[in-house]
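Protein chains: 2
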Amino acid sequence: MPRGPYICGLDAAMDIVGGKWKALILWELKDQPRRFGQLRQSLTGISEKMLIQRLRELEADEIVYRKVYAHVPPKVEYGLTEAGTALHRALLPLAHWGERRMEALDEQTAGHLTVVDDPSPSPWAARSA
Amino acid sequence: MPRGPYICGLDAAMDIVGGKWKALILWELKDQPRRFGQLRQSLTGISEKMLIQRLRELEADEIVYRKVYAHVPPKVEYGLTEAGTALHRALLPLAHWGERRMEALDEQTAGHLTVVDDPSPSPWAARSA
DNA sequence: GTAACCAGTTACCAATTGGTAAGTAATCCC
DNA sequence: GGGATTACTTACCAATTGGTAACTGGTTAC
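Chains as they are written, first to last, in our numbering: chain A, 1 to 129; chain B, 1 to 129.
The hints are simulated quantities; they were obtained by calculation from the structure and are not laboratory data.
Take the hints with a grain of salt, since some may be wrong.
[Claimed, not checked] Simulated pairs of lysine-lysine, PhoX-like, Cα-Cα distance not exceeding 25 Å: (1) Lys30(B) - Lys67(B); (2) Lys49(A) - Lys67(A); (3) Lys20(A) - Lys67(A); (4) Lys30(B) - Lys49(B); (5) Lys75(B) - Lys49(B); (6) Lys22(A) - Lys75(A); (7) Lys67(B) - Lys20(B); (8) Lys67(A) - Lys22(A); (9) Lys20(A) - Lys22(B); (10) Lys20(A) - Lys49(B); (11) Lys49(B) - Lys22(B); (12) Lys22(A) - Lys20(B); (13) Lys20(A) - Lys20(B); (14) Lys22(A) - Lys22(B); (15) Lys22(B) - Lys67(B); (16) Lys67(B) - Lys49(B); (17) Lys20(B) - Lys49(A); (18) Lys30(B) - Lys75(B).
[To be verified] Here are a few chain A residues that face chain B, going by a calculated C-beta distance under 10 Å: (19) Gly9; (20) Ala12; (21) Ala13; (22) Lys22; (23) Ala23; (24) Leu24; (25) Leu26; (26) Thr44; (27) Ala83; (28) Leu87; (29) Leu94; (30) His96; (31) Arg101; (32) Met102.
Don't be surprised by glycine CBs; every beta carbon is placed ideally from N, CA and C.
Required output: the full structure, derived from the provided sequences and hints.
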């Protein structure tokens with residue numbers, strides 16, 4: 001974790017949200033707080049170690065809060081802070097751009113039957129000579 | 001590079017712009033195309049290897065174009081494609097969020113003289129018990 | 001007594017990422 | 001012939017990141 005000094009605002013923002021899973025965790029919390037186990041289930045493929053690590057980082061950056069209930073078995077709740085909500089709003093345009101891009105990529109591969117493991121470079125990836 | 005399948009649009013977007021330096025390269029190209037050497041100078045601290053790698057990835061993703069002039073000594077120009085410009089626009093709110101956050105962090109450390117290497121956790125990073 | 005529950009923690013290992021530094025290629029200029 | 005210029009390429013090494021799997025702790029239910 002470099003933690004600045006940052007060249008620009010985007011640099012600072014990417015430092016927080018750029019790590020693997022971090023944006024996805026934010027997305028999972030955008031509507032309501034979640035328990036640890038719920039996050040682990042929603043983010044299919046994440047390991048417990050990673051989830052904890054990322055949550056701790058986001059917590060240290062004041063993006064998510066962590067609320068522990070004195071229950072047995074344990075109950076811990078994660079949710080967005082005010083800064084986290086603002087960050088989520090700032091990410092909306094980027095998310096939309098990504099969706100439109102995914103649609104475009106789908107169209108690229110549509111219309112071809114059995115396009116599997118084609119070794120030739122796709123025309124849109126061609127390097128300008 | 002995982003290259004999908006993506007969980008959501010933000011996932012796809014972060015896959016492209018999440019790598020180290022990538023957002024900064026985008027920023028450097030936002031107003032006008034740049035030559036390789038110019039980028040290397042502007043992005044202080046980047047190694048030639050990294051710069052090339054990131055540029056190639058952004059090029060393969062159709063975010064930047066690469067134009068080679070048949071000159072000696074060589075001249076290569078990098079600039080934003082249409083998709084790259086759209087991506088830059090989508091990143092503006094995030095950049096603003098980052099700027100406001102940097103200001104907030106500056107205010108945190110302002111007012112203290114010789115606040116250097118303080119081992120105690122800052123209050124805004126405290127973990128909720 | 002012991003199994004289940006939840007939210008972690010820990011140890012160990014593999015893969016990816018990033019840095020340094022030297023080399024390459026083509027041409028012009030002296 | 002030799003140096004300067006520009007945009008890379010390559011080899012090698014260190015650091016960071018990420019994965020797997022086993023273990024912990026306190027309480028309740030059987």
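Each hint, compared with the structure:
For the proposed pair Lys30(B) and Lys67(B), the alpha carbon gap of about 16 Å is at most 25 Å, so the pair holds. Proximity of Lys49(A) to Lys67(A) is assessed by CA-CA distance (about 19 Å); at most 25 Å being required, the pair is judged to hold. Proximity of Lys20(A) to Lys67(A) is assessed by CA-CA distance (about 23 Å); at most 25 Å being required, the pair is judged to hold. Distance hint between Lys30(B) and Lys49(B) is fulfilled; the C-alpha atoms sit about 22 Å from each other, no more than 25 Å.
A C-alpha spacing of about 18 Å is found between Lys75(B) and Lys49(B), which places the hinted pair at or below 25 Å, so the restraint holds. Taken as a hint, the Lys22(A) and Lys75(A) pair is honoured in the structure, with Cα atoms around 22 Å apart against an allowance of 25 Å. Note on Lys67(B) and Lys20(B): the hinted pairing holds, with a Cα-Cα distance of about 23 Å set against a maximum of 25 Å. With a C-alpha separation of about 19 Å, the suggested pair Lys67(A) and Lys22(A) falls inside the 25 Å cut-off, and the hint holds.
Using a Cα cut-off of 25 Å, the hinted pair Lys20(A) and Lys22(B) holds, with the two alpha carbons roughly 15 Å apart. This hinted pair checks out: Lys20(A) and Lys49(B) have alpha carbons roughly 23 Å apart, not beyond 25 Å. Restraint check: the Cα-Cα separation between Lys49(B) and Lys22(B) comes to about 13 Å, which is no more than 25 Å; the hinted pair holds. A C-alpha spacing of about 15 Å is found between Lys22(A) and Lys20(B), which places the hinted pair at or below 25 Å, so the restraint holds.
Between Lys20(A) and Lys20(B) the alpha-carbon distance is near 12 Å, which keeps this suggested pair within the 25 Å criterion. Between Lys22(A) and Lys22(B) the alpha-carbon distance is near 17 Å, which keeps this suggested pair within the 25 Å criterion. Restraint check: the Cα-Cα separation between Lys22(B) and Lys67(B) comes to about 19 Å, which is no more than 25 Å; the hinted pair holds. Restraint check for Lys67(B) and Lys49(B): the C-alpha separation of about 19 Å stays at or below 25 Å, so the hint holds.
Distance restraint check for Lys20(B) and Lys49(A): the Cα-Cα separation of roughly 23 Å lies within the 25 Å cut-off, and the hinted pair is therefore satisfied. Note on Lys30(B) and Lys75(B): the hinted pairing holds, with a Cα-Cα distance of about 20 Å set against a maximum of 25 Å. Here the hint on Gly9(A) is kept, as its CB sits about 3 Å from the closest CB of chain B, short of 10 Å. Nearest Cβ of chain B to the Cβ of Ala12(A): about 4 Å, under the 10 Å cut. The hint holds.
Hint on Ala13(A) holds. Least Cβ distance to chain B is approximately 3 Å, under the 10 Å limit. Interface restraint check: Lys22(A) against chain B, minimum CB-CB distance 8 Å, threshold 10 Å, status holds. For Ala23(A), the suggested interface contact is upheld, since its CB lies about 5 Å from the closest CB of chain B, less than 10 Å. The closest approach between the C-beta of Leu24(A) and any C-beta of chain B is roughly 6 Å, which is under the 10 Å cut-off, so the hint is satisfied.
Interface hint at Leu26(A): satisfied, since its Cβ lies 8 Å from the closest Cβ of chain B, which is below the 10 Å cut-off. Because the smallest distance between the Cβ of Thr44(A) and any Cβ of chain B comes to about 8 Å, under 10 Å, the interface hint for this residue holds. Satisfaction of the interface hint for Ala83(A) is found here, the shortest Cβ-Cβ separation to chain B being roughly 7 Å, below the 10 Å cut-off. The beta carbon of Leu87(A) comes within 6 Å of a beta carbon in chain B, closer than 10 Å, and the hint placing it at the interface holds.
Hint on Leu94(A) holds. Least Cβ distance to chain B is approximately 5 Å, under the 10 Å limit. Checking His96(A) against chain B by beta carbon gives a least distance of about 6 Å; that is within 10 Å, so the hint holds. Interface hint at Arg101(A): satisfied, since its Cβ lies 6 Å from the closest Cβ of chain B, which is below the 10 Å cut-off. A cut of 10 Å between beta carbons decides the hint on Met102(A): the least distance to chain B is about 5 Å, and the hint holds.
Violated hints for the displayed structure: none, as all numbered hints are satisfied.
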